[in-house]
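Participant: Residue strings, one per chain:
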Amino acid sequence: MHKRYMSLWFPTLKTDWKTIRQPELAKVPFVFSTSEKNRLIISACNSIARSSGLHVGMRLADAKAILPDLCVQQDSEDRELKLLKAIGEWCIRYTPLVSLDLPDGLVFDCTGCTHLWGGEENYIREIKARFKSKGYTVRAAIADTIGAAWAMARFSKSTVIEPRSQKLAMSNLPPSALRLDDVTLDKLRKLGFRTIHSFSAIPKSNLRRRFGDLLLLRLMQAYGEVEENFKPLNVPEPYQERLAALEPIRTRVGIEIAIRELLNVMCNRLVGEGKGIRNAVLKTFRIDGKQQSIDIGTNQATCNVDHLFKLFEQKIETIRPALGIELFVLEVTLIGDADISQKSLWTGKTGLADNGVLELLDKLAGKVGSKAIRRYLPQERYWPERSIKQTNDLKEIPQTYWPTDALRPTQLLSKPEVILVTAPIPDYPPMNFRYKDDLHIVKRADGPERIEREWWLDKGEHRDYYIVEDQHGKRYWLYRSGHYGADQTQWFLHGFFA
Amino acid sequence: MVFTWIFRLVGMAYIELQTTTNFSFLRGGSHPDELVNYAAELGYAKIAITDRNTFAGIVRGHDAAKKKGMQIIPACRLDLIDGPSLLAYPTDKPAYARLSGLLTMGNLRAEKGECHLYRKDVFDCTEGIIYIIIPPEKLDQLFNFEASFEKDVEEYSRAIKHLYIAANRNYKANDNKRLFRIQKLAERYRVPMVATNDVHYHCATRRELQDVLTCVREKCTIDQAGFLLHSNAERFLKEAKEMERLFRLYPDAIANTTAIADACNFSLDELVYDYPEEINQSGRKPFEELTYLTWEGVKERFGEDPPEKVVKNIKHELTFIEKMEYSNYFLFVYDIVKEARKRQILCQGRGSAANSSVCYVLGITSVNPDEFDLLFERFISSARNEPPDIDVDFEHERREEIIQYIYDKYGRDRAAIVATVTQQRQKGAIRDVGKVMGLSQDTIDRLSAAIWEFTDEWFKPARLIEQGLNPHDPHLLKVLKLTGEMMGFPRQLGQHTGGFVVTNGKLSDLCPIMNARMQDRTNIEWNKDDIDALGFLKVDVLALGMLTCIRKGFDLCKQHHGREWTLANIPQNDPRVFEMASRADTIGVFQIESRAQQSMLPRLRPSCFYDLVIEVAIVRPGPIQGDMVHPYLRRRNGEEPVTYPSKELEEILGRTLGVPLFQEQAMKIAMVAAGFSPSDADGLRRSMATFKFKGLVNEYEERLIKGMTAKGYTLEFAQRIFKQLEGFGSYGFPESHAASFALLVYVSLWMKCYYPDVFAAALLNSQPMGFYAPAQIVTDAKNHHVEVRPVDVNYSEWDSILESRTKRLFPLRLGFRIIKGIREEDVLILVAKRERPYKTISEIYTAGVSQAALERLADADAFQSLGLDRRQALWQVAALADTPIGLFKGHSSPSEKEQQIELPFMSAAEHVIQDYASTSLSLKAHPLSFARIELNRLRVCSSKQVFGVVAGSKVRVAGLVLSRQRPGTAGGVCFITIEDETGTVNLVVFEKLFETYRKEILGAKLLMVEGWVQREGQVLHVIVKSCHDLTRLINESISMQRNEMPFQSQNKKTQVRENANTDVIPKARNFR
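These protein sequence lines map, in sequence, to chains A and B.
Residue 248 in my numbering sits at position 248 of the first sequence; the count goes up by one each step and never skips.
Residue 643 in my numbering sits at position 145 of the second sequence; the count goes up by one each step and never skips.
Rather than coming from a laboratory, the hints here were simulated on the basis of the structure.
Owing to the predicted nature of the structure, the values given are computational and were not obtained by experimental measurement.
You may find that some hints are simply not true.
[As the list claims (entries may be wrong)] Pairs of lysine-lysine residues, derived as BS3-like cross-links and limited to a Cα-Cα distance of at most 25 Å, are as follows: (1) A:Lys395 to A:Lys443; (2) B:Lys1523 to A:Lys64; (3) A:Lys187 to B:Lys1523; (4) B:Lys836 to B:Lys813; (5) A:Lys37 to B:Lys933; (6) B:Lys836 to B:Lys907.
Start from the sequences and build out the full structure, keeping to the hints where you can.
Facilitator: Below, the structure written as structure tokens:
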């Protein structure tokens, strides 16, 4: 079949994308900036900015001189790639073959697709309308070759180029319609070749000698004399498995078999991709139209069917089959990278590296609720309350080590408790303190350790911490808030040592 | 023990020995002087300054200490590459020299800003120096120091005679354990323990700034900094009593501080500067030598019978020089100048001592004291007793030769360039602080816009609200507060533009030397204020583009016109020259070519040399801000009587008709009329020049105005003087400088007047310099009847040259250097192989010129003598790549056999645009001439027509924007110069309009304005009422000539930007 391609061009891709999210940007000049060779340049600008004379590649400082109230946002490196990929995947509804055309376009192989929309004209109209309604400016053209479609989308008003007429259609376009590098374009411009037809008739050998192979290649690609590679996007399949029951299922055993079946299929697939399940949902559809679901979570991505099954098993009783379930759907809502390692004979790992511990934690969490189990990591902060942070991820590696030379209590009170203290001035450790009506005589003490507020976060007194040991040999972490002698010197107990 | 008790009673047993100032860049949170002043307040008699591997801050500390009657111990912290850090305290001058030498060695091994020292280096340098070893902060799990540290202590203690170990109590968790371990180490290795507080800032409130500095250093935000910061604010300078309390268990550690301090009696005042011996090898004493040379010089300049006035002057000056012992200084400058003359490098001295008769006869300056009298003492005040100051300007292309000459003659261990301390300015500070505090780039930009140049109104909410910021946001206020504190902090040591210090002994005995960023340059760690404070000699070896231009001009004159001119033998007081200046015909002339100068010239109408001196000085921020310009002009034109505010000022202001114009006049007024002492006046000037510290300036303002009003001057006059001083601060222009510059003004004027061909060629060959682009220089040359010929492969050379003459003036052939992107090597090959004219392009290619260079030449249309226009040439050049090589060398190229192609026709307009693209100028036509029909239709006048219009009438005029200038002194007014094919027009845009037409003014290449003509004498301005961007006309006129539809209108909406045509018009230059 004769090939037909559509080129889709987003002249203001990035700014449109941002404007959709921040509609107030639609009415102001707005640009993205990126740094290049130590200076900021514009990497995308919206139409208002462009009409004021701004353009991509301009120095941001110059642009700001012209438009002092220019709205500038930082650009990220692969934003257009991500955007185009997402748009491209969405576009699969129009053709199975979509290819990225960086930095600002897509190419469809729309051969045999257009009649579904009532012809090429309508096809284009429909696509443009859809994008316009979302807020994207878009231009498109269909032609026999990628090159011709690309050129027409960007340089011409005509949208549909009849088969085999691309040569004629392109003849009046400028050389830049041929996707050439700047050096060649510059040379062509200097020689006065301002349209394609002005040089297309020159013998090929003459052209090649002066402009290299690229010009001829592009020319022939556009004319369809040379085939051009087309690399379509791969669309990921969702992590979802369905199991329809021949007869409605009403027993626990039936449900268990269904779960096992689904997990087997799903885990098989995940293992192949090097992934594992973190969160999953099982949805059951009853014949009376009711839907129920149970969900599980794990501490680390896993494909261990037995383990996963046990987690579901704990919750099976919450499902009420009533008249029977006709469809089971297992959906993975969060996946993670799983290191599928070889099974070792001796599991010599300890602590969190031991899978047995992790699986135990999963089970405990299923029973007592995930909030009851906490993991803390050391943080590089002096202020005790902020020196630890809670995490849900068992795999997270601490950014720093637990300090060894500055002793910290094994139990830290989340809220320090006021104590009454007898202490000599100005910064000597207390002689005794009263905590929950008990008098503790201080036998040994170390300190003070002065910890200052994190001034950029909050104001207030610093704390002088003391490690003290009472008459029973128990050790406490006490502090005095502020210097001695301020109106009310307050003492607190903040933790217990083992 | 008894002694310690007594000391304790007095409260003075502790001396702080470990302090880090902000000269340990991004570590210390206080200036050295802040630290010293605070120490004095706490009652310390001595304090050590120990910056990291540097002495950069000690002079400032020393200076501050002297004022407070205390002493500093010049010292430093040595961070070693292979061992624990040490604090080093020299006990006497030789020890100081050794330590300085050690630092020098470390500096010269490393890149600029780093110092690489090893423990072996320290071990070789222990005599007379007391060291303190700094133990690590951390203890291991058994609360012990790491084993390696103990080993280090052992090794250090064996190698270093006077070694102590530092003990801090910084309220960290392990303080007690650490002190205990230190004591144990001290006992075991007999390394006495000494208490220090590791001071990083003078008072606890600076902790926040110090944290910010740490973040800047570690390139993180304050939130990420974590353990990089200090856990508390205890690194401030504590009272001695408090330190004693903290070390109550270790009284010896306190006593040892005094012991060390007592042993260190070296003061920076002991450093004595010696002039190098080489400057005087005659065997005579320096003064005798100077006297001898001076009278020799008199003979040379004035012959056997010098004018009496000169003789009198010289005798007077010599007595003065003898009294002040400046002979060596003059001899030193003379030596450099002599060398420059030997190498035929043009140079000229300026500065306070330069305009003396002695300097003239020694050839240091060329301002003839016989024709022009400047009082010598005016420039050197004996009261201040500071070293005389002579700056010598050299040709900018050849200054490096002189610098290397000085290095070679005196050796790198004896000569070095002075440092400049780069300070945190507002913008940099707000950027740094903002980044650390996690503000977005956008907010930082707004903040810096809000506070730009508004130091006093920083915290005014209005300014912040204007930028859309919340003035009550505490975070933001904190950022502003910290920015304020950080401003003025030294950030790095740079290289002074050319200030040289040369000593007789090793320079490193006085101050460490370090590598500069530039190759083959070394500089010392102290800046010029430090040098001044210690009384060292310094000569500024500066570069001046105009001297290069004049030198080239003189050479061309000699070569073509057969006249040998020098700065000194040019005919003085030529009325034709002054007449030309009065017409403001000064494009390319030194100093007086700017817009502001050009509009001043016809009003001032200079008629003698001193008028030029005034002209140079008057169009400056000082007199403009002080509103002195108009009173002077009125008095000069006799519209206002010359009066003096008082009798005592008549003497000072007599030469300038009662209006203060020069820096020293304003300073003299401060002294005479406000009762300032000379050093006060100098302090005032300095405080404005170096950095406008908040508060300090205001203090001076109050004093000045009070002093003057007390003496009966009007408040208004006093305020004007202050304003003027403020303006002088940053761009000071003393009379002596103005005089030296005026000479160059006169010389360049004279050359332009009599040899416009030479002048244009010299200017073109000295680019880039000055206000004007080559296009204007060429146009101006044409206006002066110089024939200018285009670049051509068969005639041009790298520089522009003069060709054989047909009329009085020589035709100017443009040089290859004006072609963008061409390399000199390629051109040199082309010229060298050009035995007879080239006939084909491939001949040039075979000669060895690269294809890329040939392409550039084709772009510049340089093949005309081969009968090829740029397009044909480019077509041929493009095919050169497959010229047969190797075995087939010499065979004909396939491109010669290919059928002829008809290339698209190139219109004149296109040619002009291409000329601009390649060389920024075109001899064929002005780009606007092609748009003239269209402009006529829009009823736009040419600039020539505008000059015929009566003042006050409304005109439209359009042109390429050459320059935009928004001087800080003009209250937001923007001056624009536009150019069309008939000339230039000057536009004035007021601030409000500027905001309205910002886009057009800053964006347009071809600007059309509507406005009223204003005339003042011969000066014509158009006061702009509206602006329009007509840049598209240039495109359209080109397409029109090609008889096609303008390209862009074909399909405007889809067109990818195609502004190649207008992009080639050079960007307008912006000036402040």
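Participant: Hint by hint, note whether the structure agrees.
Facilitator: Status of each hint after checking the structure:
{"no.": "1", "hint": "A:Lys395 to A:Lys443", "result": "42 Å, violated"}
{"no.": "2", "hint": "B:Lys1523 to A:Lys64", "result": "23 Å, holds"}
{"no.": "3", "hint": "A:Lys187 to B:Lys1523", "result": "42 Å, violated"}
{"no.": "4", "hint": "B:Lys836 to B:Lys813", "result": "23 Å, holds"}
{"no.": "5", "hint": "A:Lys37 to B:Lys933", "result": "20 Å, holds"}
{"no.": "6", "hint": "B:Lys836 to B:Lys907", "result": "13 Å, holds"}
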